[in-house]
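Number of protein chains: 2
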Amino acid sequence: MPDPTRRSERSRHAILTAAHELVGEVGYRKLTIEAIAARAGVGKQTIYRWWPSKGAVVLDAMLATVSDPADLALPDTGDVDADLRGVVHAIVAELADPTLSGTSRALMIEIQEDPGLAESMVERILGPNLAAIADRLRAAQDAGQLRRDLDLSVAVEMIVGPLYHRWLLRTAPLTPAYADTVTDLALRALAPDRLAPHGEDRLE
Amino acid sequence: MPDPTRRSERSRHAILTAAHELVGEVGYRKLTIEAIAARAGVGKQTIYRWWPSKGAVVLDAMLATVSDPADLALPDTGDVDADLRGVVHAIVAELADPTLSGTSRALMIEIQEDPGLAESMVERILGPNLAAIADRLRAAQDAGQLRRDLDLSVAVEMIVGPLYHRWLLRTAPLTPAYADTVTDLALRALAPDRLAPHGEDRLE
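Protein sequence lines, in the order shown, are assigned to chains E and S. Quick note: the first sequence, position 66, residue 66 per the UniProt record's numbering, numbers continuous. Quick note: the second sequence, position 199, residue 199 per the UniProt record's numbering, numbers continuous.
Hints may contain errors.
Reference excerpt, derived from the structure (chain E facing chain S, CB under 10 Å, subset only) [claimed, not checked]:
#, residue
1, Lys-30
2, Thr-32
3, Ile-33
4, Glu-34
5, Ala-70
6, Leu-72
7, Leu-74
8, Val-92
9, Ala-106
10, Ile-111
11, Val-122
12, Asp-151
13, Ser-153
14, Arg-188
15, Ala-189
Note that these hints are calculated values from the structure, not bench results. Predicted model, so just to flag it, every value in this text is computed and none were measured. We treat Cβ as the ideally placed atom computed from N, Cα and C, and that holds for glycine.
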């Protein structure tokens, strides 16, 4: 007797794989539930039973490619500059990859007009990624390498904001050299005041 | 005898006004050329004769609301901190306005999958706005208030990037307080090294 749970799992996996492939091939706008269903070998109704919208399928397709949240942690070599440079270069590489960036652009589009999807994307993808960077900054703070009075959620967006700005608004190509300059400037903003005695921040 | 040029101008104006109103009312995704034509009192073909796509109409609708490029210039009160704060607060206010932000989100969506439109948006809207900020930073550099070795195009994105990141990725509400913290950090990044003698940057 066929196992319905296993069959569901197989269908779900086939749908997410099809969605991921198709968004890379045809772009989000031309992607249809029909095309996903056809490639996955399931009926359209199977997709609609599990997901409320195209955006929701694509979000899950993206999550399926994301590794364990524990793997998001940045290395802590003691050198916050080097550790941050690793993560910004990884972001640049990811956004240069046609399939990954196709899916990311697709979700960016979708969350502009679907605040519910935006919330779920922030909670499940963006938030954990930004929190991993904030954790590394907190460790650097504890080591006296960064100012103590930082709002870390803002500090993280000082690093990744200029990267996404360039990529999303297409002001210029997003290059590793740009990411390095952004990291240099951000670290200068986050560094303790060099005139301060005993590593304490100077009161201004 | 009716003047065909004046009639064209009137139609063009009616189409852009209709596009601007409708994108604020129904959102970009639900906006159709048919609806724009109906509200403007013209035929669909009139729109297609002048614009290749919905995105192109909306871009022109947005440009029609933008003032003269000369008006983009930031004030120069001699206080770069205050002058930048004026512009970041204006950006926050603009992105909080439902109609303006509806149009901006619409164009953000469209440029994700239409690099030609992106190029024209960068050239006609974004570029002049960023250049106006860069000009103010250059004056501050000349006044010795900012480091001399800055890439001003990156410096500008250190200020506006974190604002658009929060707004586009919906990581948290875009507030004036956030814009102030971003401005504080960016100015700290761009400031000359305080240990440097004679106002020169210290070599590192």
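Status of each hint after checking the structure:
| no. | hint | result |
| --- | --- | --- |
| 1 | Lys-30 | holds, 9 Å |
| 2 | Thr-32 | violated, 15 Å |
| 3 | Ile-33 | violated, 16 Å |
| 4 | Glu-34 | violated, 19 Å |
| 5 | Ala-70 | violated, 22 Å |
| 6 | Leu-72 | violated, 16 Å |
| 7 | Leu-74 | violated, 18 Å |
| 8 | Val-92 | violated, 14 Å |
| 9 | Ala-106 | holds, 8 Å |
| 10 | Ile-111 | holds, 6 Å |
| 11 | Val-122 | holds, 6 Å |
| 12 | Asp-151 | holds, 6 Å |
| 13 | Ser-153 | holds, 7 Å |
| 14 | Arg-188 | holds, 5 Å |
| 15 | Ala-189 | holds, 4 Å |
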